[in-house]
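Listed here are the chains, written in short residue letters.
6 protein chains.
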Amino acid sequence: MEAARIDGRAPGGLRPITIERGVNRYAEGSALIRWGDTHVLCTATVEEKVPPFLRGSGSGWITAEYAMLPRSTQSRMQREINRGKRDARGSEIQRLIGRSLRAAVDMPRLGERTITIDCDVLQADGGTRTASISAGFVALFDALRTLKADGRLAEIPLKDQIAAVSVGKSGGALVLDLRYEEDSSADVDANVVMTGRGGIVEIQGTGEGAAFSRAELGQMLDLAASGIAEIQRRQLEVLGLTEDERRLFETCA
Amino acid sequence: MEAARIDGRAPGGLRPITIERGVNRYAEGSALIRWGDTHVLCTATVEEKVPPFLRGSGSGWITAEYAMLPRSTQSRMQREINRGKRDARGSEIQRLIGRSLRAAVDMPRLGERTITIDCDVLQADGGTRTASISAGFVALFDALRTLKADGRLAEIPLKDQIAAVSVGKSGGALVLDLRYEEDSSADVDANVVMTGRGGIVEIQGTGEGAAFSRAELGQMLDLAASGIAEIQRRQLEVLGLTEDERRLFETCA
Amino acid sequence: MEAARIDGRAPGGLRPITIERGVNRYAEGSALIRWGDTHVLCTATVEEKVPPFLRGSGSGWITAEYAMLPRSTQSRMQREINRGKRDARGSEIQRLIGRSLRAAVDMPRLGERTITIDCDVLQADGGTRTASISAGFVALFDALRTLKADGRLAEIPLKDQIAAVSVGKSGGALVLDLRYEEDSSADVDANVVMTGRGGIVEIQGTGEGAAFSRAELGQMLDLAASGIAEIQRRQLEVLGLTEDERRLFETCA
Amino acid sequence: MEAARIDGRAPGGLRPITIERGVNRYAEGSALIRWGDTHVLCTATVEEKVPPFLRGSGSGWITAEYAMLPRSTQSRMQREINRGKRDARGSEIQRLIGRSLRAAVDMPRLGERTITIDCDVLQADGGTRTASISAGFVALFDALRTLKADGRLAEIPLKDQIAAVSVGKSGGALVLDLRYEEDSSADVDANVVMTGRGGIVEIQGTGEGAAFSRAELGQMLDLAASGIAEIQRRQLEVLGLTEDERRLFETCA
Amino acid sequence: MEAARIDGRAPGGLRPITIERGVNRYAEGSALIRWGDTHVLCTATVEEKVPPFLRGSGSGWITAEYAMLPRSTQSRMQREINRGKRDARGSEIQRLIGRSLRAAVDMPRLGERTITIDCDVLQADGGTRTASISAGFVALFDALRTLKADGRLAEIPLKDQIAAVSVGKSGGALVLDLRYEEDSSADVDANVVMTGRGGIVEIQGTGEGAAFSRAELGQMLDLAASGIAEIQRRQLEVLGLTEDERRLFETCA
Amino acid sequence: MEAARIDGRAPGGLRPITIERGVNRYAEGSALIRWGDTHVLCTATVEEKVPPFLRGSGSGWITAEYAMLPRSTQSRMQREINRGKRDARGSEIQRLIGRSLRAAVDMPRLGERTITIDCDVLQADGGTRTASISAGFVALFDALRTLKADGRLAEIPLKDQIAAVSVGKSGGALVLDLRYEEDSSADVDANVVMTGRGGIVEIQGTGEGAAFSRAELGQMLDLAASGIAEIQRRQLEVLGLTEDERRLFETCA
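Chains as they are written, first to last, in the numbering used here: chain A, 81 to 333; chain B, 81 to 333; chain C, 81 to 333; chain D, 81 to 333; chain E, 81 to 333; chain F, 81 to 333.
Simulated from the structure, these hints should not be mistaken for lab results.
Even for Gly, the Cβ is constructed at its ideal location relative to N, Cα and C.
So the derived list for chain B, only partly shown, Cβ under 7 Å to chain A, looks like this:
hint	residue
1	ARG151
2	ARG156
3	GLU160
Pairs of lysine-lysine residues, derived as PhoX-like cross-links and limited to a Cα-Cα distance of at most 20 Å, are as follows:
hint	chain 1	residue 1	chain 2	residue 2
4	F	LYS228	F	LYS129
5	B	LYS165	C	LYS165
6	F	LYS165	E	LYS165
7	C	LYS165	D	LYS165
8	D	LYS165	A	LYS165
Let's have the full structure, built from the sequences with the hints guiding it.
Here is the structure:
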């Protein structure tokens, strides 16, 4: 018999998720995700410039920044500026968010502009990077809508719908969407990012306590796919697509 | 005739203010203030240690940190860690918040512990420092309640109720509670912090474009006092005082 | 009966003040102020450029930097570069100095150039910020004279004479110009910056140990005004005004 | 027909690899790997202390640092200390190396000491992280031998043999061990870390240009497994195991 | 015929030098040197602690810090804290000052305490490092006197009198004590630190534009020795030695 | 009788030295020097730009950077980026290397380009700066050859051959080429940089424990000259000069 999860969820169950759009009056797109006790505020900022390596290329860029508020965690963490250096874990996470969301957009059609997705963790209980990607997609899509509404883009250069979830092996059982306590005691822990068609954009799996087999990886990907499908349904719901936009997503898929 | 304010308020009118308590599950106290379009998340963290200069003194300490999220403003601001140095304006503001809130608590009765008030601006439209002080007081009081509930304190070492507001002279008229646009064009701009009894804890007045007279300072303080009285009513409402706590506040006053 | 002050001064008495001009052979203006045991070296540097937000505006800028030498204090302080971060108190002070001295000059008439006032504290015994402002004004005026002498300015764009002093409440008595020992034990402590006409440019009052009343604030401003008038007399003496310059100051006043 | 690789290798072929042990006279273990044109110097340093979170636990720790020499790349890169901040990519890589090599050792049996694996890239042509892990294992094993030879450990606390390789999809074909040019144009790119028994310790797969399917992931893991088996043969050869040590590796496997 | 020097000095002439002692009321020793237009403020701070490598050794330590005020030079220099990194030239100079002054004191007899010599350049016109060493010695000796007066030392642990001067080859001629203009156009430039007996403590000679011969080095050392003898006379004059102290210096010599 | 050296060398003997050229496939020149147990990797990078002070001058620039790998020393050193500041000793050394190698090249004939010599110490046993200069010259000369081969230079703008060695006084005896143990216990320690004609480019001598006399300095320079002559023979051997290049060196000499 499987060990019960600390919050009584089924092994393949997600925590309650709500996404609120338009939470910031200045950002071109924004979303506040409450994924269980993990709360992340994502804003998408459009700037009419690109990094040096893209200047003159006609292509756009999407980048992300990730940070945790000092008391987003059980014990207060010192701010990066006071520690005097960038947090290595945060650097790694923001690179993952950036790569994942770049898969959502057709860069040449975006044109020479940069969209920066800021993901600020207000409260953390595991899964902050997958929450950031999943809500970051919503903020990003709203920023693309703003660009179209402003006449800066003729059409939304969507390439794919992007969402993410964590899976792991804890106490011998495979589980979806780990809370902090589950995550820190898990033997295996993976973060999976997928498109609307179920293609893998990113898989990062780590055997912290023990290596894992090809078969286990397969089971984890099954579990992740089911969770991501559910998160993508929520993204579409909250985005409230127009008919034209719906076709855009269907074309992707 | 006076010039109308950009949002139609009376010269002595406050913007709509709501304070939400208990918004962070880890912090000993927390409050999210929405003061017009200025939104600040305040958390109060208790740590059982004091800075070196207080070790062995038996006295406690209250300190504050203040930061703005990158897209809390019209144009995205770079994070301090990426600029590589502490923002001077932020340093000045967090010193003001710390000094102001230290006036709320009797340090020897707090004992050798530190309460850190983190004020993170989610969205800014002027008055972020006065919002931080006013909501910081609510988070601080809840942290003191937690210490009492935990048995770490026999009684709440409250010295005074603290709140703050801005006043200014804009277009020849004195106005209460300046929005960003009003503030950036004001000739005179002052931030006032007061106790529940109307004592001045801090006054910082600046004649950006023109010096001001003793009489004008007096009028600004009158306006500030009326605004702070209203904010203090909101603080008490949201705190939902018990009978014992009410007496505590009355003793202060 | 009032408590005697540690150096026997009357409550409204200033410490001995000397200002020496032209102490640096490279700077466009410079002044070394010895205000009791507080010694500050101020230099004014003119650069033919302005910060980004003023480019193309035709307006100039005045900014200040403030730092303390390691052994300007009783115990040696580590240099900022070795601590690895900007000192928050220093940041706050240099912002105050900059704002105060900007009130002295008519920026459009200064033209697109920046004057930087460096205030380096050689020895500190309280009142370093008011000494910096008071001597900074002298260095600044000499820099304006240099610009006129060089033919870069047709006339000196003076708007006002600026000086500053501290006042406080210590042991129940109001006192002018606090030394370090008085300042660190004061209940209330205010720094006041005024124009030659007695207008208030900046007032920063803090009730460190106790709040203060409107009446006390009024008394402190009276005391400050008398001290500032005396300091302004010293500034004029040391500047040795020409007839034309004297008229310039009278027009302000 | 498959496109030929730039250096004529078969899709599943490795570049020539040599590992030289004992290249540093001070380090407890060291290895210089020349993997095609990627050259990495790995040193293992033993220190009799552990990070705060392990003090008193009886358990040891393994950590890694990764850096590139300025001219390890086509264009000279500025040193991190001159850029003033930690390189985000480097932070991510050193976290991966550390996690991977921690899977090699039984921490409680290591005891309260830290082994730091420094991986300094002398020359880079793709695959620096997998070269670092593969050579880092050799340096680490030699450091464990040193601890045993010194009498600080009764036996070598080996848990598993660890090696790593990259795989990718480039121009429609799956390829093993990507050079820089292949890597930068690849659609899919994965780094795989495995134990001697073929268990997965870490998989990081990214669809830079296009998402990938479950089937493709499977094929990439097959390719990786064959490459890693070959690298593990090289590790054993260069380590020149004693009979006792050979049994140790067999027990793992 | 020799080219005349810009200020009409003889090739072996020193600029006018004055040293003022006791210029800082807090420091255990202090000296302000005005060496032509080079002005350096030196303070000596005693702290009852030593760096880690000397703890428990019974020996003391002498270290130096060197910095330039922003407007000590023709063009204003940015402060190190604002540039975000230690100035390399300054690091090199402060290491030289520290090494030179350590030669003045018998460390075991100093006991486990550190004397820090802060050398802050108020105005620079060449020779700031030799001025720092020469005035630093005066501040250091006064700090030793303070330790004796306080009863912390039974006798002054003087090992040698230390002074320094620059020499160079400019326009074909050997010259003593280079001003900035001479220094920046010199072909050869050396800084020499000597004891009261004429022993060499430090020689740093650089052929910026051309190498120099053994013979030229010899002539430069002759010139330096004569200049240093003169500076040492000034040090003794300003120190106003007691009979006991005079014997101390004679014993050195 | 002289004390024997720890490795049995004669007082004037050098450690075994090998220099390997072309060790980096990207750098315009590179050399790995193994000088006893001191191993330094030098790369020369050509960039078609100069520092601001040379723009438009037609002249080139040569600069150096010096760093030690963490485990180049007996105890592991923290990386500079993790300590958060530039190492002062390293700054001083790289300034010395840069100055020394600038003496090798005729800057106007180099043209407006910069050659950066990176000296990374893989293993240190004393004499890292002299090894860096001696091998840096080889890398630099190869970079000049590359520029000529590329047609960017018509001829190699060589001014002089540059090499360096350390000398010292240890246990009463003068010795050449100090190992770390000898260096750290030496009374006097000097680094000497010379041209092919025996001209002195740089002499840095320090009496750590005792001052030294003019006569001793002379003896040290004799010893250094003999060592440098030998190192210069090795440089020429490894460079494998063509007839034309040989004439170039002879013209210098």
